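Novice: Next come the chains, spelled out residue by residue.
There are 2 protein chains.
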Amino acid sequence: MPAKGVLVAVTADVVIAGGGVIGTAIAWRAAAAGLDVVLADPAYGDAASLVAAGMLAPVSEALFGEGALLRVNLLALARFPSFAAELEQVTGHRVGLRREGTLAVAFDAGDYAALTRLTAFRRSAGLEAEELDSRACRKLESFLTPDVHGGVLFPGDWSVDNRRYAAALREAAAAAGVRVVRDRVTEVLTADGADDANARVRGVALAESGEIGSDRVVVAAGSWSGAVHGLPAGLRSAVRPVKGQLLRLRHPDGMPPVLTHTIRATVRGADVYLVPRADGEVIVGATQEERGPDLTVTAGAVHDLLHDAMSVLPVTSELILAETCAGLRPGTPDNGPIVGDAGPGGLLLATGHYRNGILMSAATADAAVACLTGRAPAPEWEPFGPGRFLTRQGER
Amino acid sequence: MPAKGVLVAVTADVVIAGGGVIGTAIAWRAAAAGLDVVLADPAYGDAASLVAAGMLAPVSEALFGEGALLRVNLLALARFPSFAAELEQVTGHRVGLRREGTLAVAFDAGDYAALTRLTAFRRSAGLEAEELDSRACRKLESFLTPDVHGGVLFPGDWSVDNRRYAAALREAAAAAGVRVVRDRVTEVLTADGADDANARVRGVALAESGEIGSDRVVVAAGSWSGAVHGLPAGLRSAVRPVKGQLLRLRHPDGMPPVLTHTIRATVRGADVYLVPRADGEVIVGATQEERGPDLTVTAGAVHDLLHDAMSVLPVTSELILAETCAGLRPGTPDNGPIVGDAGPGGLLLATGHYRNGILMSAATADAAVACLTGRAPAPEWEPFGPGRFLTRQGER
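Those protein sequences? They're chains U and A, same order as listed.
Counting along the first sequence from 1, when you hit position 165 you're at 164 in numbering that gives the first Met the number 0, and nothing is skipped either side.
Counting along the second sequence from 1, when you hit position 41 you're at 40 in numbering that gives the first Met the number 0, and nothing is skipped either side.
FYI, nobody ran anything at the bench for these hints, they're computed from the structure.
Bear in mind that the values here come from a model prediction, so they are computed numbers and not experimental data.
Be careful, since some hints might not be right.
To be verified - To be clear about the criterion: a stretch of chain A counts as covered by chain U if any three or more of its residues have a C-beta under 8 Å from a C-beta of chain U, and this derived list gives those stretches:
| # | region |
| --- | --- |
| 1 | 13-20 |
| 2 | 300-306 |
| 3 | 309-319 |
To be verified - Which chain A residues face chain U? A few, computed with CB under 10 Å, are given here:
| # | residue |
| --- | --- |
| 4 | Leu248 |
| 5 | Pro251 |
| 6 | Val283 |
| 7 | Thr323 |
| 8 | Arg387 |
| 9 | Leu389 |
In this text, a Cβ means the ideal position worked out from N, Cα and C, and glycines have one as well.
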C-alpha cells in the first residue's frame with residue numbers, strides 16, 4: 000500500500016471517496032464490472048463499519064409507515080446472501096453469516112403488546128414470525144432471564160460478522176484491481192467553465208496527494224460525507240453523525256457458547272441487542288447519541304449496555320469485556336439512505352445508510368454500479384436519490 | 000536494554016527477582032547504597048503495580064485487631080513522603096502525590112455506624128479524622144450524590160499516581176546503575192555441598208539467559224513469588240494471587256475536575272473507591288477475586304464498578320472509560336507482607352504486600368537495604384519475617 004502523500008493514480012474511471020463497507024462494496028463490484036477504480040480513504044480499514052453488530056434486520060419499530068424504506072431494506076436483505084456467497088467464494092474467507100434468526104423478547108405485557116404490533120407489521124410485509132411464550136423462548140436460549148414475558152422469533156433476521164465482512168470486501172476489491180489511496184477527498188472538482196446545468200465532474204482533490212482525474216466520482220464517506228466540498232447545496236448538511244457505542248464480549252476459555260440467536264429486547268425504554276459470533280464473541284449494542292463527531296467511550300453508556308445485557312442474559316456477567324468502541328452512523332433527516340446521481344454530472348452519492356450500512360451494502364453496490372455503467376438501479380431506490388435534499392440557490 | 004536471552008551480568012552483589020514497585024524500590028535504594036544490583040523481570044514495567052489506585056491509606060476495616068500490621072502500615076505512611084520527594088528530586092518527575100485526603104461516605108445509618116467504629120479505631124492509632132454531615136460532605140465534593148448520609152474526612156490518607164511513581168522508580172534505579180535483565184528467575188541457587196543449616200545462595204537461574212552469580216538474592220516477585228524454585232518449604236505456597244479489576248476514567252476535553260479527594264464508600268456491601276489524578280483521570284476500584292492467576296476483565300466486574308461509582312458520584316457517567324484492567328495482588332494467609340531474611344543464607348524475601356504494595360514500598364526498600372547491608376530493619380517489621388510461614392521437613 001503506498002504511503003500517504005504518494006499519489007498512485009493520476010486518472011481513473013471512477014474515484015470512490017470512503018472505504019467503509021459501502022465504498023468498498025461499490026469499489027469491488029465496479030472493478031469486477033471492468034472499471035478502473037481508485038478508492039480514497041485516510042483510514043482505510045478503520046471505518047464506522049467496524050463498530051457494528053452486523054444485524055441483517057430489515058424491519059424495526061422506526062419503520063411503521065416508512066413503506067419505501069421497508070421496500071429497499073427488503074431488497075437489500077434478499078440480495079445479501081448471494082453477495083456474501085460470492086464474496087466468500089472469491090476470497091476464500093467466511094464472513095460469518097448466521098442464519099439462526101433473531102429472538103425479540105418482551106419483559107412485560109406492554110412490551111409484548113408492542114412486539115405483537117411489530118409482528119403484524121412484519122407479516123404484512125411477507126416476513127416470517129413465530130410467537131413464543133416464556134418457556135418456549137427459554138427453550139431456544141437456555142440462558143435467557145426467567146423474567147421474560149414472551150417473544151417472537153424472526154427466522155429471516157440474520158447477522159453477519161461485520162469485521163470479517165469488511166475485511167473480505169477489502170480483499171475482494173484488491174483482487175479485482177482496486178487501487179487504494181490513503182488520503183482524504185477534500186473536494187469534488189468540476190470541469191472549468193461549465194454552467195450549473197451542464198457541469199461535469201473532472202476528478203477529486205486530496206488532502207495531501209494532489210488530484211485524481213476522473214469523470215465519475217462516488218461519495219461514500221458515511222458521516223464525513225458533508226466534509227467533501229463541491230457537493231450540491233443541501234447535500235452537505237443532509238448527513239449527520241449519530242454516535243453508537245457498543246461492546247464486544249468474549250467467552251472465557253472453555254465456556255460453551257451462551258447464545259445462538261440474535262436477541263433483541265427493550266430494557267428501561269432502550270433497545271438492546273446481543274449478537275453471537277462464530278468465534279465466541281457476543282456483540283452488545285448500541286447507544287444512539289446526537290453528539291456530533293464524538294468518538295469517546297463513556298462510563299455511562301458502557302454501564303447501561305452491560306446492565307441491559309445482563310438483564311436479558313444474566314450469564315453475560317461472566318464473559319470477558321474484550322472491547323468497548325464507538326462509531327458514527329451517517330444519519331439523514333428522513334432516516335433513508337442517499338443513493339443515486341447528483342449534479343454535477345458524473346457525481347454519485349452512496350451515503351446516509353444510518354443503522355443499516357451492512358444490510359444495505361450489497362444492494363447499494365448493485366445500484367451504484369448500475370448508475371456508473373449507464374443502467375437504471377432497481378426501482379426500490381427511486382425514493383432515495385440525492386434530489387430530495389437539494390436546495391435551490393439562495394435557500395438554506 | 001539488552002534483548003531477552005542476552006545475559007548482561009554474570010555476577011552481581013545482589014540479584015532482585017521482580018520489577019514491580021517493591022523490587023524496583025529496593026533496587027534503587029540498594030544501588031544508591033553502593034551495591035552492584037541486577038534486577039530480573041520478564042515484563043519489567045508491566046507489573047501488578049500498574050493496576051492500582053495508589054491509595055496511601057494505612058487503616059481499613061480489615062485491620063481491626065491486626066495491631067502489628069497497622070504499625071508497619073503507619074511506618075510506611077510516615078516514610079512515604081520523604082521517599083517520594085527524593086524520587087522526584089532525583090528524576091525531575093512528579094509522582095502525583097495528592098494530599099487532599101480521603102472522604103469516606105456512608106449511605107445509611109448502618110454504614111455510618113460502621114464508619115464511626117472505624118473512625119474511633121483510627122483515632123486510637125493517632126490518625127486524624129473529622130466527622131461530617133451530608134451537607135458538609137457535599138460542600139467538600141459538590142458532585143457527590145445527595146443520598147449520602149454522612150462521612151468522615153481522613154486528611155492523612157493520601158494517594159500517589161502509581162504509574163508515575165513506578166516509572167520514576169525505574170528511572171531512578173537506572174540512574175543509580177541498576178542493570179535490568181528481561182528474564183524470569185526460575186530458581187534460587189544454593190552453594191553445592193552445604194547442609195540445610197549452613198546453605199548459602201550462590202545466585203539465580205534464569206528461564207532463558209543462564210545464571211547470575213550472587214551471594215544475595217531478593218525475591219520480590221509479587222504473586223509470582225511462589226513460582227521461584229529453591230525457596231524454603233512453606234514459603235512457595237504462602238503467596239497467592241488475589242485478582243483486582245479496576246477502571247481508569249478520564250474527563251472529556253473541557254470538563255473541569257469532578258473530584259478533589261479520594262472517595263471511599265460501601266455500595267451493596269462492596270467497597271468502592273474513586274481516586275482523582277492530577278492529569279484528569281479518576282481511578283475506580285476494585286474487585287477482590289480469588290480466581291488464581293486470571294487476568295481477564297469481566298463484564299460483570301466492570302458493570303459493578305461503574306454502577307457503584309455512579310451511585311457515589313453520578314457525574315462519572317459522563318466521564319470517558321479510558322481503560323479497564325486487572326492485576327494480581329500477592330495475598331498471604333494473614334494478610335501481612337513477607338519481608339526479611341529466609342534460609343538459605345543471603346536469601347531475602349520482600350513480597351506478599353497484598354493491597355498495600357504502593358504504600359509499603361518505601362519502608363520495604365529501607366528494610367531490605369538494612370538486611371542487605373547487615374543492619375537491622377525497623378522493629379515494626381519483626382512480625383513479618385518469612386519464618387512465620389516456614390514448615391519443617393515432612394510438613395506440608
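Novice: Kindly indicate which numbered hints from before are broken by the structure, ordering the numbers from low to high.
Specialist: 1, 8, 9
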